[in-house]
Amino acid sequence: VVGMTRSQWRSEGKLRSLGVPDSFEEFALAIHVYTLQEPSIYEVLSQVMSCPDRRVQGGGISEALQACAPYIHFLNEALQRLPERFVHRGHVYRGVQWVFPSPKRHDPVAYFKAGATILWYGFKSTNTRNEAMSRPKFCGHQ
869 VVGMTRSQWR SEGKLRSLGV PDSFEEFALA IHVYTLQEPS IYEVLSQVMS CPDRRVQGGG
929 ISEALQACAP YIHFLNEALQ RLPERFVHRG HVYRGVQWVF PSPKRHDPVA YFKAGATILW
989 YGFKSTNTRN EAMSRPKFCG HQ
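If you want our numbering, it's the position in the sequence shown, counting the first as 1, plus 868.
Since the hints were made in silico from the structure, they are not lab data.
Any given hint could be a false lead.
[To be verified] Quick list of the computed label-pair ranges, beta carbon to beta carbon: (1) Phe980 to Leu904: 39 to 49 Å; (2) Arg878 to Pro969: 42 to 52 Å; (3) Phe991 to Gly887: 21 to 31 Å; (4) Arg962 to Gly881: 29 to 39 Å; (5) Leu904 to Pro971: 30 to 40 Å; (6) Arg953 to Cys1007: 28 to 38 Å.
[Stated by the list, open to error] In the DSBU-like style, the derived pairs of lysine-lysine whose C-alpha atoms are separated by at most 30 Å in a straight line are: (7) Lys992 to Lys882; (8) Lys992 to Lys981; (9) Lys992 to Lys972.
None of the values given here were measured: they were computed from a predicted structure.
Positions of the beta carbon are idealized from the N, C-alpha and C atoms, including for glycine.
Work the whole structure out from these sequences, hints included.
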C-alpha cells in the first residue's frame, strides 16, 4: 500500500500540489496509512492503545503496545509537524457510546465543561459536523 501510494503521489506531484515539501513524504504516508479503511490500521491501534492490559506489572507496556510503539511515535511526530494550514483550530465533535458521569446522572454538558482540557490516551476521530455523531463508526444510535 505504501509503495503504491508513494509512487502515485510522486508521479502526480501530490505533495507539491498541496504546498507540502517533499521532505514531508514519510510523515504524509504515515498519516495516510492511518486513515485507510483497508487495511484498518486505526482499528488495530485503537484496540491496542485502549486495551486494559496495555500496562504490565512493573510499569512496562504490553507486547502488543511495544510492537505498535514505533509507528505510534512516528505518527504522533507526523501530526505535530503538519504545516499550520492543516491544523484545525475550532470546535469538533466526538461521539462516544457511553454516558457521563453515569447512566443515572447523564449530563455530558456539565461533565465536559467548556474550555476544559481533555486527555485521550490514543488517537481519536472527531468531526466538525455534529450530524456525523449518528454514524456507527462515531457513536451510532442505541
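Results for each hint:
1. Phe980 and Leu904 have their C-beta atoms about 30 Å apart, which leaves the hinted 39 to 49 Å range violated.
2. At about 50 Å, the CB distance of Arg878 to Pro969 agrees with the hint of 42 to 52 Å.
3. Look at Phe991 against Gly887: about 24 Å separates their beta carbons, and that is inside 21 to 31 Å.
4. Look at Arg962 against Gly881: about 35 Å separates their beta carbons, and that is inside 29 to 39 Å.
5. Checking the proposed 30 to 40 Å range against Leu904 and Pro971 shows it holds: the Cβ atoms sit about 35 Å from each other.
6. Separated by about 29 Å at the C-beta atoms, Arg953 and Cys1007 satisfy the suggested range of 28 to 38 Å.
7. For a cut-off of 30 Å, the pair hint linking Lys992 to Lys882 stands: about 26 Å separates their Cα positions.
8. This hinted pair checks out: Lys992 and Lys981 have alpha carbons roughly 19 Å apart, not beyond 30 Å.
9. The straight-line distance between the Cα atoms of Lys992 and Lys972 is roughly 26 Å, inside the 30 Å bound, and the hint therefore holds.
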